[in-house]
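Quick note, the sequences are listed as chains U and S, same order.
So for the first sequence, the working numbering puts the first residue at 1; every next one is plus one.
So for the second sequence, the working numbering puts the first residue at 1; every next one is plus one.
Note that these hints are calculated values from the structure, not bench results.
Check each hint, because a few of them may be wrong.
Identical copies look the same in the list; a pair holds intra-copy or inter-copy alike.
Here are the simulated DSBU-like pairs of lysine-lysine, each with C-alpha atoms no more than 30 Å apart in a straight line [what the hints assert, rightly or not]:
1. K163 / K85
2. K118 / K190
3. K175 / K85
4. K175 / K106
5. K62 / K163
6. K89 / K190
7. K88 / K190
8. K185 / K118
9. K175 / K89
10. K85 / K190
11. K88 / K175
12. K185 / K29
13. K128 / K186
14. K128 / K62
One-letter residues, chain by chain:
Protein chains: 2
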Amino acid sequence: MDIHQKEPREDADWRVYVLRLNHRRERDKRITTHCALVGRAFGALGMYYSGDQDEGLETAIKNVRINWGGAFSVQHVRNPVSFIKDWKKSGGSVVHLTMYGLPITKISELFQSTDRHKELLVMIGASKVPIGYYRLADYNLAIGHQPHSEVAALAVFLDRVFKGSELENEFENAKLRIIPQEAGKKLLRK
Amino acid sequence: MDIHQKEPREDADWRVYVLRLNHRRERDKRITTHCALVGRAFGALGMYYSGDQDEGLETAIKNVRINWGGAFSVQHVRNPVSFIKDWKKSGGSVVHLTMYGLPITKISELFQSTDRHKELLVMIGASKVPIGYYRLADYNLAIGHQPHSEVAALAVFLDRVFKGSELENEFENAKLRIIPQEAGKKLLRK
């Protein structure tokens with residue numbers, strides 16, 4: 001299955017995908033799941049991941065899609081370096097989120113650029129990311145220069161890309177929908 | 001040890017602390033650590049947590065503080081309900097981040113309010129949060145109404161509170177400091 005959707009969504013200027021590097025099945029199980037959920041909730045179209053293939057992860061995200069709608073899915077890539085090179089060859093851009101990179105304010109350069117950049121791969125590491133990836137990326141961007149979390153970095157990055165509008169995203173074919181409450185839980189089932 | 005710093009930081013309008021509910025030592029180890037790191041990096045002053053007491057977590061954050069500076073630390077609370085009640089009695093506000101809550105845009109109400117709200121406790125759940133906490137909170141706020149991650153919710157919430165300025169935070173007594181690079185890693189050690 002190729003999760004790459006060829007038809008652009010009409011409502012999005014940016015078509016963003018996540019690439020999670022070097023997933024370790026046991027150690028990263030929950031963090032990688034959070035990365036995928038954040039990707040989906042904050043407007044990315046899908047997540048690729050390298051490292052251990054993990055059916056549990058793929059199934060968890062599939063179940064979220066079944067219940068909460070949309071088309072977001074997760075796909076394993078065997079060779080992330082050639083994957084990134086192919087992405088760039090076909091005209092897409094690559095951003096690597098790292099505390100060592102340039103401040104996120106530099107994102108404006110990315111935003112000012114042309115169509116070449118409308119298809120965006122956002123790379124986030126699990127373990128230490130080899131220096132080669134820094135060189136492959138078009139931009140190494142830091143969400144602050146303190147140690148924190150790739151989950152948070154991804155969320156804040158996508159929030160900057162979509163300027164907060166992502167928090168109002170609605171997903172097609174959702175079985176579950178929340179009715180916001182001041183102090184309680186209200187979940188509609190279709 | 002009480003991590004609550006009585007002296008206000010001069011540079012912050014908001015004094016924010018995190019309360020992580022019901023930490024489970026094995027299952028939540030990494031996610032709770034990410035919550036603490038995000039709290040620190042995004043401008044909170046400390047994190048309280050209930051559930052299993054976890055020396056590994058406390059030591060991990062202590063080591064980050066030793067290397068990266070600042071005064072952020074983590075403290076276990078035995079009874080979160082009385083802790084929250086005491087917080088409110090002493091004039092502080094409590095925000096609970098939950099996908100079931102009102103949209104984060106409602107945060108403006110919180111921001112418009114007076115000194116009563118300058119000391120803020122941000123609650124985030126690990127497992128399912130009992131309904132009583134929704135009633136205890138002054139505000140139940142949703143960072144979108146899709147399932148994602150408390151790590152991301154905390155980051156985006158603090159980013160809204162501090163309006164992006166938190167990403168330029170510098171920490172006192174840091175041994176390590178990053179010099180941002182276009183494509184590489186540069187770490188200064190003092």
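Checklist entry - Should K88 paired with K175 be assigned to within, between, both, or neither, using CA atoms and 30 Å as the limit? => result neither (37 Å within a copy, 38 Å between copies)
Checklist entry - When no copy is named, should K185 and K29 be tagged within, between, both, or neither for a Cα gap of at most 30 Å? => result both (27 Å within a copy, 27 Å between copies)
Checklist entry - Is it within, between, both, or neither for K185 and K118, if the alpha carbons may be no more than 30 Å apart? => result For K185 and K118, the Cα distance is within 30 Å only across copies (27 Å; inside one copy 37 Å).
Next on the checklist: Reference check for the pair K128 and K62, CA-CA at most 30 Å: within, between, both, or neither?
Outcome noted: both (28 Å within a copy, 21 Å between copies)
Checklist entry - Between K163 and K85, at a C-alpha cutoff of 30 Å, which is it: within one copy, between copies, both, or neither? => result within (28 Å within a copy, 36 Å between copies)
Checklist entry - What label fits K62 with K163 when the C-alpha limit is 30 Å: within, between, both, or neither? => result within (27 Å within a copy, 34 Å between copies)
Checklist entry - Quick one: K175 to K106, C-alpha cut-off 30 Å, is that within a copy, between copies, both, or neither? => result Only across copies: K175 and K106 sit 26 Å apart there, 39 Å inside one copy, limit 30 Å.
Item to check | Homo-oligomer pair classification [K190, K88; C-alpha up to 30 Å] | outcome: neither (41 Å within a copy, 39 Å between copies)
Item to check | Homomeric proximity label, K89 with K190: Cα distance no greater than 30 Å | outcome: neither (43 Å within a copy, 42 Å between copies)
Next on the checklist: Within, between, both or neither: how does the pair K118, K190 come out at a Cα-Cα threshold of 30 Å?
Outcome noted: neither (35 Å within a copy, 41 Å between copies)
Checklist entry - Is it within a copy, between copies, both, or neither that the alpha carbon of K175 lies no farther than 30 Å from that of K89? => result Neither. Shortest intra-copy (38 Å) and inter-copy (41 Å) distances fail the 30 Å Cα cut-off.
Checklist entry - Given identical chains, is K128 near K186, meaning Cα to Cα at most 30 Å, within a copy, between copies, both, or neither? => result between (41 Å within a copy, 14 Å between copies)
Hint compliance for this structure: hints 2, 3, 6, 7, 9, 10, 11 are not met, and every other hint is.
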